[in-house]
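Asks: Listed here are the chains, written in short residue letters.
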Amino acid sequence: MNLSKDGAGFETVLIPLAAVAAGTLIFALFCEWAGASAVGVFRSIYKAGFGSWFSWQNSLVRAAPLMLCGLATALPARVGIITVGNEGAFVIGGLAATAAGLATAPAQPLICLSAMAVAGMVAGGAWIALAAGLQHYRGVNAVISSLLLNYIGLAILLQMVEGPMRDPASLNFPATFAIPETHQLGRIAGSRVHDGLLFGVIACLLAWFLLEKTVWGMKAKVVGGNPRTAKLVGLPLGQIILTAGFLGGACAGLAGMVEVAAIHSRASQSISAGYGYVGILVAFLARHSPLRVLIVSVVLGAVVASGGILQRDHDLPDATIAVFEGIVFLTILASETLYGRKFSLAVLARNAAHAES
Amino acid sequence: MSAVSRLSRRSCVKLLAAGALSAKAEPPLTAGFVYNGPKNDLGYNQSHAEGKQSVKSLPFVRAFDESNVPETVAVEETMRNMIFQDGARVIFATSYGFLDPFVLRVARENPNVQFFHCGGSYRDKVDPPNVGIYFGFIDEVEFLAGVTAGLMTKANRMGFVAAKPIPQVLRNINSFMLGARSVNPSVTMRVVFTGDWVLPVREAEASSSLADQGVDVLTGHTGSPRVIVQVAERRGIWATGYQFDQSVLAPRGFLTGAEWAWGGVYRHYLEMIHDGKSVANGSIPRRMTGTLKDEFCRLSPFGPGVTPEKRQAVARVKERLLNGSQAIYRGPLKNNTGKIVIPVGKTIPIEDSSLDQMDWLVDGIQGDTRG
Numbered sequence: 001m002n003l004s005k006d007g008a009g010f011e012t013v014l015i016p017l018a019a020v021a022a023g024t025l026i027f028a029l030f031c032e033w034a035g036a037s038a039v040g041v042f043r044s045i046y047k048a049g050f051g052s053w054f055s056w057q058n059s060l061v062r063a064a065p066l067m068l069c070g071l072a073t074a075l076p077a078r079v080g081i082i083t084v085g086n087e088g089a090f091v092i093g094g095l096a097a098t099a100a101g102l103a104t105a106p107a108q109p110l111i112c113l114s115a116m117a118v119a120g121m122v123a124g125g126a127w128i129a130l131a132a133g134l135q136h137y138r139g140v141n142a143v144i145s146s147l148l149l150n151y152i153g154l155a156i157l158l159q160m161v162e163g164p165m166r167d168p169a170s171l172n173f174p175a176t177f178a179i180p181e182t183h184q185l186g187r188i189a190g191s192r193v194h195d196g197l198l199f200g201v202i203a204c205l206l207a208w209f210l211l212e213k214t215v216w217g218m219k220a221k222v223v224g225g226n227p228r229t230a231k232l233v234g235l236p237l238g239q240i241i242l243t244a245g246f247l248g249g250a251c252a253g254l255a256g257m258v259e260v261a262a263i264h265s266r267a268s269q270s271i272s273a274g275y276g277y278v279g280i281l282v283a284f285l286a287r288h289s290p291l292r293v294l295i296v297s298v299v300l301g302a303v304v305a306s307g308g309i310l311q312r313d314h315d316l317p318d319a320t321i322a323v324f325e326g327i328v329f330l331t332i333l334a335s336e337t338l339y340g341r342k343f344s345l346a347v348l349a350r351n352a353a354h355a356e357s
Numbered sequence: 001m002s003a004v005s006r007l008s009r010r011s012c013v014k015l016l017a018a019g020a021l022s023a024k025a026e027p028p029l030t031a032g033f034v035y036n037g038p039k040n041d042l043g044y045n046q047s048h049a050e051g052k053q054s055v056k057s058l059p060f061v062r063a064f065d066e067s068n069v070p071e072t073v074a075v076e077e078t079m080r081n082m083i084f085q086d087g088a089r090v091i092f093a094t095s096y097g098f099l100d101p102f103v104l105r106v107a108r109e110n111p112n113v114q115f116f117h118c119g120g121s122y123r124d125k126v127d128p129p130n131v132g133i134y135f136g137f138i139d140e141v142e143f144l145a146g147v148t149a150g151l152m153t154k155a156n157r158m159g160f161v162a163a164k165p166i167p168q169v170l171r172n173i174n175s176f177m178l179g180a181r182s183v184n185p186s187v188t189m190r191v192v193f194t195g196d197w198v199l200p201v202r203e204a205e206a207s208s209s210l211a212d213q214g215v216d217v218l219t220g221h222t223g224s225p226r227v228i229v230q231v232a233e234r235r236g237i238w239a240t241g242y243q244f245d246q247s248v249l250a251p252r253g254f255l256t257g258a259e260w261a262w263g264g265v266y267r268h269y270l271e272m273i274h275d276g277k278s279v280a281n282g283s284i285p286r287r288m289t290g291t292l293k294d295e296f297c298r299l300s301p302f303g304p305g306v307t308p309e310k311r312q313a314v315a316r317v318k319e320r321l322l323n324g325s326q327a328i329y330r331g332p333l334k335n336n337t338g339k340i341v342i343p344v345g346k347t348i349p350i351e352d353s354s355l356d357q358m359d360w361l362v363d364g365i366q367g368d369t370r371g
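Protein sequences appear in the order of chains A and B. The numbering used here applies: residue 1 is where the first sequence begins, and numbers increase by one. The numbering used here applies: residue 1 is where the second sequence begins, and numbers increase by one.
By construction, these hints were calculated from the structure, which means they are not laboratory data. Because the structure is a prediction, the values reported are computed rather than measured. Keep in mind that a hint or two might mislead.
The calculated lysine to any residue pairs, modelled on SDA-like cross-linking and capped at a C-alpha distance of 25 angstroms, are [stated by the list, open to error]: (1) A/Lys219 / A/Val143; (2) B/Lys339 / A/Lys47; (3) A/Lys47 / B/Gln168; (4) B/Lys56 / B/Leu270; (5) B/Lys154 / B/Ala211; (6) B/Lys125 / A/Glu162; (7) A/Lys219 / A/Asp318; (8) B/Lys56 / A/Asp318; (9) B/Lys334 / B/Ala155; (10) B/Lys277 / B/Gln168; (11) A/Lys47 / B/Glu109; (12) B/Lys125 / A/Lys219; (13) B/Lys346 / B/Leu270; (14) B/Lys334 / A/Asn172; (15) B/Lys125 / A/Glu181; (16) A/Lys47 / B/Lys334; (17) B/Lys339 / B/Gln168; (18) B/Lys125 / A/Thr182; (19) B/Lys125 / A/Phe177; (20) B/Lys125 / A/Ala28.
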């Protein structure tokens, strides 16, 4: 996996674009096969995602959690740890934020919301740092451990929501007590998009600054690029890996906090809506670059937002968007093998000659 | 001259178009249906999707739907899209978690659109007036499925795979058991809770282990008991269904099942709205609930294993339920820890809201309400 360069170089732009184009083409064939006009489908996706201010808001509402969940995979990836534990960190962050919010409910809204944010970030951060630490210190593959942690996270959420933290009045829909309405996270003026979008944008900018403009970012890139070199030059490997894992998880935990503070006001099974899993796709499409996470989240937010119109106007199944996401994910993964290759006729001709001789 | 003729031609066309419109019909009544899961789940979501299909018989309705909509801002956006992009004037939100805060928020923004939510409670003066609640009481149908199971079991042991120990699920477990015991007092039943609505692997494991323990009737209450019915068929034992007709999954061992009949409910709502009624001004009741009698739910067709005599026996119980001579929750009723939960002489009708506090399993059930 090529993680060493960010933004620089022709191929880091061209190859992902080509991969997305290839995925889009395959999806177009799928649409035609499913009996819908591919052109019409793409027109609908555009209309539903970006066609008007109404659609833009629809996309941005969905993009907000994706930015934070995308960073949850992108940041640890920069130090060479691939985690897919975003959903687990998200629900654990949401649960911890709820607990903190209920404990500080009598206080001023700002204090209560700050406590929720801190609790969510610490819980989510610890969650992913655990997977990162297990890989670094104990050799447990972080992809596997973080994937399994998702199930544990959801189980803890259900256990708490249906057990110790349950509001006894929530009979047929187990949920915790609600955080007062006055303490809700607001909406961006003149829109129906909640403040979580600001959190996402700021987090992406901060992550970019951290990675590109600070000494720590430089160290992190060395660790991700070549851990042995990093060790040789005396970098504290474990510390850097744990920090990157913590920061990534903190983003997902913050997304969980936003989900509670801006949308549900309480923790229940519903806070696990699958944003974490889409976040993995965001990070890979963005090649783990924070600024691209920002853009990809908005584009994917629009794609997800168009899921409804594809069902209603084109009679396509609800899984259509998941199929699109899956195809693009596969083409992006496949395109990883193309980095660092020379594409010229001379090389092709030489290879052909080799094969013949 | 030419300008005048063009003008007159245009107004002529306009007039013709207006005439055609008024002669043809008023714009259709557009209704959007939102489901939380896939609409081909042979379970809860499909029972609503089938209800939506049936409103096609009303010529004045244009209905469309969206499935797999998560219970978060996504459902708000879905409802807004239905209203702004497709001109929906009625929204049916079919999953419990859609109501608060999502339906309530979008309803507040769109006072001219009517929202109907399946289940949940409405708070007077707090919640927007254009929201209605509909729900069915399916206890009687579970009771009848239990009667069928009680007549069929040879082992006198049944198994029930359930999602969560919440009142709605406990009611179904208890009414099924009470039905079985009403015809077969020695029958027992073991309950396994899986912890969530859609966990096919765990449902299969629970069903298999119940079959290993020697039960010869399996049933359940999950998002869709399809896996439970399939395991029963594979293990050569009986099964009863829930939510939707699952007979196709077990052509040999399917007995019957308790299924929803939302079509009639949806057609009734849309006819009332077509007549100009609205829930906001009170001409449509705030809550519409119904039972077996009101055809909110029904018994699935019997499978081949149920003999004509047994079908008649079930039909007789159904008759008694409908004429009121048979009650489900009638004291004395003991729970499975030996405590009296309904005293002698007391009968709780199934519409009674106290049943929504249920936290016990009736005598004869092996299982624990703590899950």
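Asks: Look at each hint and say if it fits the structure.
Replies: Each hint, compared with the structure:
1. A/Lys219 / A/Val143: The given pair, whose Cα atoms are some 23 angstroms apart, holds under the 25 angstroms limit.
2. B/Lys339 / A/Lys47: violated (61 angstroms)
3. A/Lys47 / B/Gln168: violated (41 angstroms)
4. B/Lys56 / B/Leu270: holds (11 angstroms)
5. B/Lys154 / B/Ala211: Holds. B/Lys154 to B/Ala211 sits at ~14 angstroms (cutoff 25 angstroms).
6. B/Lys125 / A/Glu162: This hinted pair is violated, its Cα atoms lying about 29 angstroms apart.
7. A/Lys219 / A/Asp318: With Cα atoms ~44 angstroms apart, A/Lys219 and A/Asp318 exceed 25 angstroms; violated.
8. B/Lys56 / A/Asp318: holds (21 angstroms)
9. B/Lys334 / B/Ala155: holds (23 angstroms)
10. B/Lys277 / B/Gln168: violated (31 angstroms)
11. A/Lys47 / B/Glu109: holds (23 angstroms)
12. B/Lys125 / A/Lys219: Violated. B/Lys125 to A/Lys219 sits at ~59 angstroms, over the 25 angstroms cutoff.
13. B/Lys346 / B/Leu270: Violated, at roughly 39 angstroms.
14. B/Lys334 / A/Asn172: holds (23 angstroms)
15. B/Lys125 / A/Glu181: Judged against 25 angstroms, a Cα distance of about 17 angstroms means the pair holds.
16. A/Lys47 / B/Lys334: Measuring from Cα to Cα gives roughly 60 angstroms; hence the hint is violated.
17. B/Lys339 / B/Gln168: holds (21 angstroms)
18. B/Lys125 / A/Thr182: holds (19 angstroms)
19. B/Lys125 / A/Phe177: Roughly 21 angstroms separates the two Cα atoms, so the pair holds.
20. B/Lys125 / A/Ala28: violated (50 angstroms)
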